[in-house]
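Asker: As a plain string of letters, each chain reads:
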Amino acid sequence: MSRPMMLSAVGLKKRFGSRTVVDVDRFDAPAGSTVAVIGPSGAGKTTLLAILGLLEKPHAGQVYLDGAPVGVRDKAARMNMAAAFQSPYLFKASVAENVAFGLKLRKVPAAERRRLVESSLARIGLEGWESRDALTLSGGEAQRVALARALVLRPRVLFLDEPFASLDPLVKGHLVFDLARIIREDEMTTIYVTHDHAEAMSIADRVMVMREGRSVAHGPSDEVMKLPPDQWTADFLGAGRPLRGVVAGSVEGVLSIDVSGVHIHAVGVLPEGEKVLVGVRPEDVLLFDGDAGIPRSSARNRFHAVVVELKMWGVMHQVTLDLEGALLTARVSNSSVREMGLSPGMEVQVVFKATAVRVRSESSGSGEIP
Amino acid sequence: MSRPMMLSAVGLKKRFGSRTVVDVDRFDAPAGSTVAVIGPSGAGKTTLLAILGLLEKPHAGQVYLDGAPVGVRDKAARMNMAAAFQSPYLFKASVAENVAFGLKLRKVPAAERRRLVESSLARIGLEGWESRDALTLSGGEAQRVALARALVLRPRVLFLDEPFASLDPLVKGHLVFDLARIIREDEMTTIYVTHDHAEAMSIADRVMVMREGRSVAHGPSDEVMKLPPDQWTADFLGAGRPLRGVVAGSVEGVLSIDVSGVHIHAVGVLPEGEKVLVGVRPEDVLLFDGDAGIPRSSARNRFHAVVVELKMWGVMHQVTLDLEGALLTARVSNSSVREMGLSPGMEVQVVFKATAVRVRSESSGSGEIP
Amino acid sequence: MQVFFEAIVQAIRLPFEGSHGLLSVILTTFEVALLATLIGFILGTPVGLLIGASRFRGRGLLITLTNTGMAVPPVVIGLVVMMLLSRRGPLGPLELLYTVDAMVIAQVIISSPIIAGLTSSAVAAVPYRLRLQARSLGASWFQEALLILKEARLGVLAAVATGLGAVVRGVGAVLIVGGNIEGQTRVLTTAIVQESRRGEFGLAIALSLLLLAIVFAINAAITWFQHSGEKAGRG
Amino acid sequence: MQVFFEAIVQAIRLPFEGSHGLLSVILTTFEVALLATLIGFILGTPVGLLIGASRFRGRGLLITLTNTGMAVPPVVIGLVVMMLLSRRGPLGPLELLYTVDAMVIAQVIISSPIIAGLTSSAVAAVPYRLRLQARSLGASWFQEALLILKEARLGVLAAVATGLGAVVRGVGAVLIVGGNIEGQTRVLTTAIVQESRRGEFGLAIALSLLLLAIVFAINAAITWFQHSGEKAGRG
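Chains as they are written, first to last, in the working numbering: chain E, 269 to 638; chain H, 269 to 638; chain C, 9 to 243; chain V, 9 to 243.
Hints are supplied without guarantee of correctness; some may be wrong.
Estimated spans, in silico, between C-beta atoms of each pair [to be verified]:
(1) P612(E) / P298(H): 29 to 35 Å
(2) S434(H) / L217(C): 37 to 43 Å
(3) D498(H) / T231(C): 45 to 51 Å
(4) K375(E) / S236(V): 47 to 53 Å
(5) K158(V) / E630(E): 55 to 61 Å
I should point out that these hints are in silico values taken from the structure, not numbers from a laboratory. Note that CB positions come from ideal geometry on N, CA and C, so glycine has one too.
Could you build the full structure based on these sequences and the hints that come with them?
Answerer: In structure tokens, the structure reads:
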């Protein structure tokens with residue numbers, strides 16, 4: 269039916285008074301991709317979304333839809349898009365009238381409209397809810413109606429602004445699941461704003477990290493998460509800083525990378541002697557007691573290390589480890605800290621798979637991650 | 269200096285109009301304990317806290333402080349308590365005046381007040397912030413001031429109502445850490461309201477789960493989390509239902525429990541033939557490929573199982589496993605689901621430690637967990 | 009308390025004692041109030057929508073005009089209209105002074121800024137993201153404006169009722185430009201002033217009870233609009 | 009437009025032409041307005057605090073009284089005070105009719121409900137959890153009430169200024185009970201009515217400019233209070 273569209277932008281700037289709230293050099297959402305825009309509150313995420321969605325005019329810069337420049341006045345372009353926000357913002361009317369809002373604007377005939385509203389509600393798990401008053405729904409139900417209202421338009425670009433931020437984890441889990449399925453089935457390009465990187469990771473294949481209006485990292489989720497470009501981004505994502513190393517050799521597609529004397533195994537194709545950045549997500553690093561016997565397994569990286577520091581991160585612990593000079597970060601649950609008796613100075617064994625390591629040539633880019 | 273107090277209550281009821289928002293038979297917070305009250309929004313958590321904190325009168329029931337009945341009119345009792353809420357609710361004044369509010373009401377002399385405010389701010393990481401305008405602070409800073417304002421009173425009972433719900437994970441991590449340290453150092457009895465069970469687990473040693481005004485589970489965190497009394501509680505906590513089994517034997521303090529033919533190892537002291545409930549937290553269950561060679565290790569429980577169902581829970585996956593008839597739940601990250609290619613019908617190996625299993629005799633209680 | 013007792017007895021008798029110009033007073037009151045409010049609604053609502061829902065050059069001026077209009081005392085408005093319509097004034101040739109039309113003109117100048125001002129508040133209270141949401145679903149600016157008015161409808165109704173109330177309650181402007189001519193431009197408020205100064209408390213009480221009935225009906229409507237608005241509000 | 013031109017020229021000349029009772033009018037206006045507002049503040053604020061911040065038996069009655077007080081047209085209030093103070097009325101022996109005191113009494117009845125009503129809104133806007141927070145830190149009910157008034161202080165000030173504005177702008181009540189006696193009970197609004205009906209536009213314009221200056225100063229204060237309140241509000 270509809271085909272997803274590529275959305276991109278260059279040089280976007282937006283000021284409120286004298287304060288620049290958005291200053292983003294480049295934004296890219298390939299057709300069919302799901303791009304998460306993450307950052308702390310006040311980073312300009314929602315304003316960026318409003319500009320990309322052609323809802324607000326930027327002070328500078330240009331948005332492109334499938335390569336063609338578009339703006340707030342391009343009603344045709346806007347008709348390819350739809351959005352849902354953190355608060356569902358339902359109109360004072362029935363569920364059916366809310367869901368039909370965009371269809372009416374598109375002059376879809378009444379019978380067809382009824383059919384589409386019905387099937388859209390059924391898809392999102394609200395079969396037969398048409399005649400309820402929209403303002404009497406619970407948070408999770410209202411959010412479903414808001415999603416149905418956007419999805420019924422079969423948008424080629426979908427914008428979601430923290431759609432699950434105010435929901436309980438149980439309600440949220442079901443909704444994330446239903447939404448992910450629909451995005452997959454309908455093949456939309458999706459821009460997803462959130463302040464929760466775990467939520468972002470579970471949905472997006474590309475990530476942009478924003479801070480104070482600027483994009484501080486932008487690229488495939490895996491790269492951004494494993495190779496954050498600076499300390500602030502690393503902290504915000506709860507990641508470690510990338511390590512610097514040199515490719516020492518390669519056997520059957522598995523690289524051996526020399527990081528200050530430690531040899532880390534990673535999957536990739538790079539020439540010997542190449543200077544590289546190496547990153548591992550803290551969640552992917554397993555810790556074992558220093559004297560535990562660990563069998564040969566699919567985890568190619570096994571080192572002895574010393575705990576340097578323990579700190580709380582949300583409701584987990586972040587453990588900084590010294591591998592003969594190279595600093596690695598692991599994330600562990602509080603009960604693991606207790607059971608293993610982790611404390612600074614303690615010796616542990618560190619295990620992670622070669623597939624969990626991300627390697628990038630140092631020469632392939634500077635701040636921006638390709 | 270001050271000694272923590274025991275807080276308890278019986279038969280609390282509170283109505284708003286015709287709707288009963290709190291109907292709690294029993295509440296117990298032993299002196300020095302940290303009790304988390306969790307539940308979805310609208311469950312009556314904040315109202316319960318207001319009643320326990322002697323801020324609002326219940327329609328029925330009685331609150332006890334160290335065993336003595338107390339009410340909203342007992343100013344002396346109220347002077348032993350202090351609270352901080354989700355929104356910091358700072359007064360229109362400087363940071364110092366905000367923190368000094370309760371000290372002034374307690375007629376602490378000005379010089380002493382200044383000294384206490386200064387040290388309290390320093391403790392919570394806001395050294396030298398006295399003269400700032402309270403209404404210009406960021407969310408995290410304001411929350412610190414609100415905590416300092418409560419903690420400076422050296423309360424013997426501290427009430428916290430979702431104090432971190434609106435903070436970014438990075439800010440939250442630091443604050444949880446600082447607060448946990450102060451609660452430990454000052455030995456307060458703490459009542460902690462939250463809708464996030466992970467946060468509750470990281471702070472509390474006792475948990476009360478509320479639903480629609482009622483207490484559906486109440487006891488030590490570990491018990492409530494591993495042996496939820498009903499399906500709703502299990503779902504809300506993201507836990508599996510407890511399994512029913514019979515103690516088959518015991519060797520050196522490790523029980524062997526027969527659960528429909530599968531023998532699960534657990535730590536505990538119970539006679540042979542005793543009927544028991546067995547629970548494992550989904551996070552503590554590790555999954556391995558069906559054909560992976562797993563060495564003998566400290567994990568005493570190792571089974572082959574078949575994946576029955578996969579469903580999203582928040583941003584993780586919840587996996588239901590069939591161990592020859594007994595259903596077990598594991599929680600795994602989305603990347604693990606992808607890497608292992610988990611899908612219904614697939615065979616996997618299940619590993620968990622004997623210390624991660626909670627056992628309770630079926631005869632020792634029914635709904636309420638002791 | 010005898011004075012009150014006598015006056016009330018007289019007030020009850022009055023309607024049965026035949027015409028005291030009472031019917032004319034009531035009809036004139038309604039004519040002026042309804043016409044002035046209708047014109048005030050037509051002029052005030054679009055201005056209120058503009059001020060409350062958009063940013064444009066000249067918005068500050070419009071806000072200042074509205075606020076000034078709400079602040080200017082009715083007697084001053086009466087004076088200005090009087091001068092405009094006086095024999096030597098620019099609109100003198102129309103010979104409107106001391107007519108119902110003169111009173112309507114003055115009351116429109118009183119009601120329009122009230123309706124514009126309160127409409128703008130009601131409209132400004134419609135969440136901006138609700139409008140972004142409508143835009144994102146494909147609404148044009150006109151469809152967005154209709155949606156805003158629909159969402160704020162109870163506030164707009166309350167604004168119109170408040171304008172009506174001000175027109176019915178006021179005395180200064182109509183006293184000046186209407187001249188309180190019996191059978192022609194006498195309305196409830198000016199009649200009350202006249203009768204109470206003449207010591208005709210019975211008639212004054214009768215007129216006051218009528219005026220109170222009208223005012224309370226309007227206020228009940230405003231309260232109902234606001235109350236329904238709260239109930240239907242987003243929690 | 010000649011009528012305007014002549015009137016303004018005359019208005020500018022007036023202050024230099026010696027007394028027209030102008031000073032007396034201004035002084036009486038201030039005396040009545042400030043006294044009535046002060047008494048209105050003393051009566052209205054505690055009532056507003058009670059209504060806005062607590063639940064008690066009789067609260068509904070108090071709200072109804074306040075709303076009624078705000079709704080009753082000034083001419084009706086004037087009539088009732090007139091009857092109370094008339095020779096045959098219950099307060100007749102005090103011989104207050106057609107005095108400044110009579111006008112103050114009428115204006116207090118007008119300003120108190122306004123101050124009470126707006127104070128109650130300002131007080132009700134103080135978040136309930138802020139009060140729980142104060143209580144949890146050990147505040148007694150009296151300390152809590154002080155905190156509420158402190159948090160709502162800009163709203164209370166705006167309420168008082170609004171009451172003052174209503175008193176200064178109004179004409180119906182003072183016209184009836186004051187009698188508009190030159191040199192004694194004539195205030196700006198009643199003088200404007202008088203002079204414009206007499207066709208003395210120069211004097212009327214001069215009085216109007218004065219009245220406008222006072223009203224706009226009051227409105228500027230209200231705007232400033234409300235604006236500062238917004239800026240200091242919790243985001």
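Asker: Look at each hint and say if it fits the structure.
Answerer: Tested hints:
1. A C-beta distance of roughly 32 Å is found between P612(E) and P298(H), which places it inside the suggested range of 29 to 35 Å.
2. Checked against the hint of 37 to 43 Å, the C-beta distance between S434(H) and L217(C) comes to roughly 55 Å, which is inconsistent with it.
3. Separated by about 46 Å at the C-beta atoms, D498(H) and T231(C) satisfy the suggested range of 45 to 51 Å.
4. Checked against the hint of 47 to 53 Å, the C-beta distance between K375(E) and S236(V) comes to roughly 49 Å, which is consistent with it.
5. For K158(V) paired with E630(E), a C-beta distance near 60 Å keeps the hint of 55 to 61 Å intact.
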